[in-house]
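Undergrad: Below are the chains, spelled out letter by letter.
4 protein chains.
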Amino acid sequence: MTDIKAVLRAQHIETPSWAYGNSGTRFKVFAQKGVPRDPYEKLADAAQVHAHTGIAPTVALHIPWDKVDDYADLARHARELGVGIGAINSNVFQDDDYMLGSVTHPSARVRRKATGHLLECVDIMDATGSDTLKLWFSDGINYPGQDDLRARQDRLAEALAEVYERLGDGRRFLLEYKLFEPAFYATDVPDWGTAYAHCVKLGPKAQVVVDTGHHAPGVNIEFIVAFLLREGKLGGFDFNSRFYADDDLMVGAADPFQLFRIMYEVVRGGGLDPEAGVAFMLDQCHNIEPKIPGQIRSVMNVQEATAKALLVDRDALSASQAEGDVLGANAVLMDAYNTDVRPLLAELREEMGLARDPMAAYAGSGYFEKIAAERVGGQQAGWGA
Amino acid sequence: MTDIKAVLRAQHIETPSWAYGNSGTRFKVFAQKGVPRDPYEKLADAAQVHAHTGIAPTVALHIPWDKVDDYADLARHARELGVGIGAINSNVFQDDDYMLGSVTHPSARVRRKATGHLLECVDIMDATGSDTLKLWFSDGINYPGQDDLRARQDRLAEALAEVYERLGDGRRFLLEYKLFEPAFYATDVPDWGTAYAHCVKLGPKAQVVVDTGHHAPGVNIEFIVAFLLREGKLGGFDFNSRFYADDDLMVGAADPFQLFRIMYEVVRGGGLDPEAGVAFMLDQCHNIEPKIPGQIRSVMNVQEATAKALLVDRDALSASQAEGDVLGANAVLMDAYNTDVRPLLAELREEMGLARDPMAAYAGSGYFEKIAAERVGGQQAGWGA
Amino acid sequence: MTDIKAVLRAQHIETPSWAYGNSGTRFKVFAQKGVPRDPYEKLADAAQVHAHTGIAPTVALHIPWDKVDDYADLARHARELGVGIGAINSNVFQDDDYMLGSVTHPSARVRRKATGHLLECVDIMDATGSDTLKLWFSDGINYPGQDDLRARQDRLAEALAEVYERLGDGRRFLLEYKLFEPAFYATDVPDWGTAYAHCVKLGPKAQVVVDTGHHAPGVNIEFIVAFLLREGKLGGFDFNSRFYADDDLMVGAADPFQLFRIMYEVVRGGGLDPEAGVAFMLDQCHNIEPKIPGQIRSVMNVQEATAKALLVDRDALSASQAEGDVLGANAVLMDAYNTDVRPLLAELREEMGLARDPMAAYAGSGYFEKIAAERVGGQQAGWGA
Amino acid sequence: MTDIKAVLRAQHIETPSWAYGNSGTRFKVFAQKGVPRDPYEKLADAAQVHAHTGIAPTVALHIPWDKVDDYADLARHARELGVGIGAINSNVFQDDDYMLGSVTHPSARVRRKATGHLLECVDIMDATGSDTLKLWFSDGINYPGQDDLRARQDRLAEALAEVYERLGDGRRFLLEYKLFEPAFYATDVPDWGTAYAHCVKLGPKAQVVVDTGHHAPGVNIEFIVAFLLREGKLGGFDFNSRFYADDDLMVGAADPFQLFRIMYEVVRGGGLDPEAGVAFMLDQCHNIEPKIPGQIRSVMNVQEATAKALLVDRDALSASQAEGDVLGANAVLMDAYNTDVRPLLAELREEMGLARDPMAAYAGSGYFEKIAAERVGGQQAGWGA
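Residue numbers (the numbering used here), protein chains in the order written: chain W, 2 to 386; chain X, 2 to 386; chain A, 2 to 386; chain C, 2 to 386.
Don't read these hints as lab results, they were simulated from the structure. The structure presented is a predicted model; accordingly, all values stated were derived computationally and were not measured. There's no promise every hint is true.
Since the list gives no way to pick one copy over another, a pair counts as held whenever it fits inside one copy or between any two copies.
Listed next, the in silico DSBU-like pairs over lysine-lysine satisfying Cα-Cα at most 35 Å (straight line) [what the hints assert, rightly or not]: (1) 68 with 34; (2) 6 with 68; (3) 371 with 114; (4) 206 with 68; (5) 68 with 114; (6) 114 with 206; (7) 68 with 202; (8) 371 with 206.
Given the sequences, and given the hints that come with them, work out the whole structure.
TA: Now the structure itself:
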């Protein structure tokens with residue numbers, strides 16, 4: 002148990018700056034009270050999540066949503082709040098030029114512009130000290146024939162190579178795949194196989210990031226996790242959960258057993274080892290729930306799944322598997338899953354100098370009342386869609 | 002063939018006013034040139050679709066997107082343009098009050114407000130002469146436990162009953178179902194069975210509308226069409242197409258064979274007979290394609306599928322079916338599907354005094370150049386999300 | 002807690018006779034040791050499940066797989082073993098005549114034969130004292146056009162009406178729906194809406210049975226459960242679990258949270274009340290795991306989900322829901338789900354005079370070694386596909 | 002048009018020996034009249050398909066279903082019938098030893114046995130002159146924890162490497178992926194990415210085969226085809242069609258537009274060029290339709306899709322794509338799809354000395370009546386599941 006606690010104490014879950022702003026669906030964005038107006042306020046909110054959970058010490062930025070004049074100042078501000086800057090997320094989907102694509106666009110001019118933005122993000126990595134660039138492309142087509150599937154791969158490969166070349170020492174990019182949305186017929190990086198194939202060709206600084214909401218129905222995500230870990234190509238996670246499409250609900254809310262299975266493969270494949278370099282990031286849309294508590298709950302959900310995964314009796318499991326004892330092996334896994342780890346985690350938090358119940362502690366802190374009162378006027382942060 | 006042409010000549014496909022405005026995804030709405038600024042301009046665009054296809058004589062309105070001071074004047078404007086007002090579509094999903102639901106909201110105050118809007122739409126039916134109210138509810142919940150599934154059905158039933166009571170003679174409402182989005186765990190009218198059960202209890206003025214993009218993967222839509230026609234409960238269609246979720250692509254673009262099968266069941270079930278009262282409506286989002294040509298193409302796609310469905314040799318089909326001739330029966334259907342009906346439809350258009358190729362005719366009409374030049378300034382119509 | 006235990010003590014989960022025989026996929030049926038050779042041996046195995054769990058007192062029969070000369074004698078045998086006969090399951094899918102359908106077949110002769118079998122099953126209900134007939138039809142078509150979707154509904158309605166008429170007092174039938182397999186284009190009862198519509202027309206003796214593996218991907222099963230309970234049309238469950246199609250894995254194995262949500266709606270809708278008449282049945286294929294332990298584990302999985310559902314703090318939940326507290330309401334539900342109910346259930350078993358751990362008790366009982374040794378020769382029971 | 006005909010004349014679609022035997026679902030295998038009793042009779046039936054279509058000159062074998070004492074004699078028999086031996090398909094899923102896997106089984110003994118079978122298949126390649134080995138593994142697990150996902154990849158890699166080493170000059174193997182069935186939780190080669198990654202490591206003699214029924218719902222198969230062609234890793238197709246899971250219906254029956262899109266990517270990527278080495282094979286289950294006509298229809302469906310794909314005006318398409326003309330580019334593709342190519346193909350057949358209508362020609366040939374009369378007694382071929 003001591004070992005488990007040590008691992009849990011070292012766990013590091015990154016929250017995204019955009020989770021603190023407004024988000025919604027194409028039907029409606031419901032604004033909430035106290036929402037940040039700028040990146041500085043987003044970092045302050047993120048610092049709350051870390052203050053109450055103890056395991057969310059970094060914050061991902063999204064460019065241009067988090068564009069500031071002085072990134073060094075922003076990084077300093079983060080440090081003062083007790084957090085650090087995590088991955089830099091690029092955005093090549095919200096300029097009018099990108100209607101038909103960014104790096105895979107038929108027009109060389111648009112591609113140039115998009116790649117330019119990616120290179121700018123590399124500069125921001127330097128300015129903020131971030132070591133990870135996350136690349137998600139909304140690129141794709143809505144209609145068969147709209148553009149040439151293969152030519153778009155050629156263009157994608159070219160852009161990725163240019164960005165790869167610019168990465169400094171100790172820097173990497175994570176390539177994200179997504180089956181659909183906003184493109185509705187074909188996406189240029191639709192699945193892990195596509196991302197993997199590009200990353201293998203580029204080299205060790207290119208890795209795959211698994212967004213848990215980006216798969217076709219029924220796809221076994223933990224298999225992908227196990228496979229990528231075996232190949233040394235799992236760069237990280239964008240955690241969230243879904244019942245249907247890319248619903249972007251709180252991680253663990255839709256299928257906590259799946260989250261446990263994913264974390265089990267992470268543990269089994271050595272992915273919690275800091276040297277494995279797996280980034281555990283949240284990427285969610287709190288459309289109707291309050292944002293800071295939504296992030297706290299999500300961090301706790303990952304933590305609980307991790308604790309259960311660590312509780313699996315690996316020796317017993319291996320023995321049952323070797324014997325072909327189907328029910329016995331399954332039972333070993335389920336024993337861990339069925340364990341209530343909340344007391345263990347409350348104890349851990351106490352040892353870390355935190356409140357046993359982060360949700361209650363935040364609710365009682367008065368922070369929300371404070372920001373709701375103070376953050377009046379200005380333009381609330383959001384996606385700007 | 003004469004009979005087929007007569008049926009095709011009488012076909013009536015309704016286009017939605019909102020198809021002429023901007024639309025997009027949660028990631029980005031790409032504005033287009035020449036987009037209408039008000040309902041009057043939307044009707045003008047819809048009239049173009051009718052002018053070139055000859056079978057799109059009505060336009061659905063959406064309240065409040067198409068709110069005007071004088072509906073009688075709007076209806077008059079439509080008549081002058083050669084079109085009429087079709088179904089009135091209610092909107093109880095874009096007010097801040099509706100974050101957790103409208104007619105199924107836990108709060109009686111919000112429910113009252115939502116029902117009030119629906120009753121206002123009945124008034125607009127009277128003012129415009131529309132005989133059909135289309136009800137789609139975004140109501141649902143994102144998280145298990147968020148609200149009580151059963152209580153929400155009670156509330157839904159209550160609201161529907163109130164609206165039903167207010168419907169005048171010769172009026173009806175169509176209840177739309179949708180599996181998910183914007184609610185991501187449970188939707189209050191998720192499937193045809195739910196809509197059907199409510200409509201059966203209410204009576205003959207309540208019918209089900211089938212949006213072709215609102216089903217779980219793999220669901221056989223033509224079965225639902227056949228079933229509802231058998232029950233006298235098919236009120237109409239919201240046509241569009243999808244590869245994944247509610248992609249809202251042009252109808253027939255993703256799976257033209259499915260559209261043909263749907264239209265075959267319509268034909269077989271007598272649904273083209275005007276007395277059947279089946280409304281054939283489009284409901285799409287032209288996110289990246291130009292809007293008016295997108296509607297023209299969609300109308301043509303439905304027309305082509307209808308022509309093929311009418312070409313099915315029903316006697317030969319029945320004979321093969323009765324004999325249990327699996328391949329023979331399938332071949333009869335496929336023979337019709339594989340026929341190129343474009344020459345027949347070109348001929349039909351010529352007989353109707355139209356150009357043989359509506360897409361080319363529109364492109365050559367100069368209409369787009371005109372609106373692109375004229376519609377400058379003002380606020381382009383859109384969803385206002 | 003006393004109340005919860007009382008409810009759990011009264012719970013009644015029916016196991017199916019065919020779960021004790023061999024089963025498999027189209028690729029291979031792997032025979033296992035000790036498998037029963039006749040219905041008497043199947044009942045003996047089922048009695049073991051009840052002996053160790055205390056809540057599986059009845060066994061469903063499948064005709065003709067469980068055809069015997071003297072059903073009264075079989076029922077007497079069951080009573081001696083401490084169990085009773087549950088639902089009678091009809092089979093109109095394994096005769097060569099049924100290749101293109103049974104009650105919906107184009108040929109009146111085949112339909113007559115199929116309906117005759119269903120009526121024979123009603124006779125067997127009388128002979129065995131069973132009050133429930135379960136109707137599953139493999140009927141459907143593989144190719145568009147193969148047969149007429151609507152005519153098949155007419156034929157289905159006719160057969161159901163005939164069977165319904167023959168049901169004695171206190172008897173009922175449950176109509177099962179299934180999206181696909183073995184029919185691969187259209188199934189004649191594909192979804193709950195279809196089953197519901199037929200049952201409503203027939204009357205109170207016709208109810209819907211929910212097989213948890215028979216839905217399209219993403220369908221919210223607990224919504225259907227809640228809806229059918231509200232309508233008084235939920236006749237029962239065929240429990241199993243699946244990741245993909247109708248995988249027929251052990252219930253609760255693929256998505257234990259879903260099973261909990263289903264049981265919560267059962268509890269909330271009064272479905273555990275014996276007067277509600279909801280039959281809780283297992284319907285699984287133990288293709289690779291040993292059959293008796295597979296059933297014991299499945300019964301325990303349903304029991305654990307039920308215990309968690311009963312632990313939900315309904316008052317706190319209602320309060321949070323009424324306030325629109327999204328995270329709070331979800332948390333109330335999750336608190337119950339995250340509770341480890343195994344100690345409670347062990348205690349309950351002890352109070353019922355059972356071993357605390359049914360799996361271990363069965364494993365230590367020597368029963369398997371006994372049947373493996375004794376059941377040599379003869380024809381092992383299976384589906385006979 | 003001359004060029005198109007030349008390409009179509011050279012097309013080569015391989016039929017599988019097992020399509021001529023009985024097949025079915027886990028619920029029932031319906032036997033048909035005239036079904037072959039041995040590999041020699043299967044080849045005779047396959048020769049009929051070639052005789053009437055002119056483009057199905059080879060037949061895939063399945064070991065052990067097509068095990069014979071003298072493969073050279075079988076190959077000679079095939080030549081006399083006017084056909085050749087195509088791919089050799091291994092079977093490591095029907096021995097009792099393979100209940101928990103074959104090459105990924107926890108037991109080294111079972112893995113040895115399975116690999117031994119694969120090597121035996123390489124020997125049969127030599128004996129028959131086949132240059133292609135097709136590897137499909139049913140390997141996988143039904144329950145989380147049942148076995149170690151990663152260890153199974155290690156074992157798979159080891160077995161593949163051993164087989165790869167044994168391949169002679171000019172020989173290759175095709176690795177098939179499948180999402181699920183008969184394994185229902187995790188499959189060891191679930192998707193193209195997994196197959197691709199293994200093949201890349203092995204070398205040029207290992208390629209991926211795309212079975213069109215083996216994907217999750219919504220997966221864009223033509224994207225995979227385009228991607229693998231770009232990488233030089235598309236070894237071939239197992240054609241069939243599906244509405245739900247691996248339904249194994251006739252190719253083109255469920256979604257003819259998808260088949261066209263796939264064939265378009267084949268054409269666009271140079272996959273029809275014999276030097277590309279893409280094998281076009283059918284892999285279907287004619288559960289209810291007659292087998293030989295089922296194969297003829299399937300060959301014709303692929304041929305029709307190919308003809309349409311060849312009709313695409315590539316220059317016009319490229320021009321529209323380059324301009325970002327969404328509707329225009331889509332229209333170019335649809336123009337080809339909407340063309341009725343049956344007259345062209347009838348003409349082609351006439352030029353090839355064949356009847357214009359293969360289905361009618363076969364029906365009128367008396368072959369079925371002959372085999373139905375002659376093939377009485379003996380054991381009909383089937384899967385032996």
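Undergrad: Now, for every hint given, state plainly whether the structure supports it.
TA: Hint check:
| no. | hint | verdict |
| --- | --- | --- |
| 1 | 68 with 34 | both (23 Å within a copy, 29 Å between copies) |
| 2 | 6 with 68 | neither (38 Å within a copy, 58 Å between copies) |
| 3 | 371 with 114 | between (41 Å within a copy, 31 Å between copies) |
| 4 | 206 with 68 | within (25 Å within a copy, 50 Å between copies) |
| 5 | 68 with 114 | within (17 Å within a copy, 40 Å between copies) |
| 6 | 114 with 206 | within (23 Å within a copy, 41 Å between copies) |
| 7 | 68 with 202 | within (32 Å within a copy, 42 Å between copies) |
| 8 | 371 with 206 | neither (43 Å within a copy, 52 Å between copies) |
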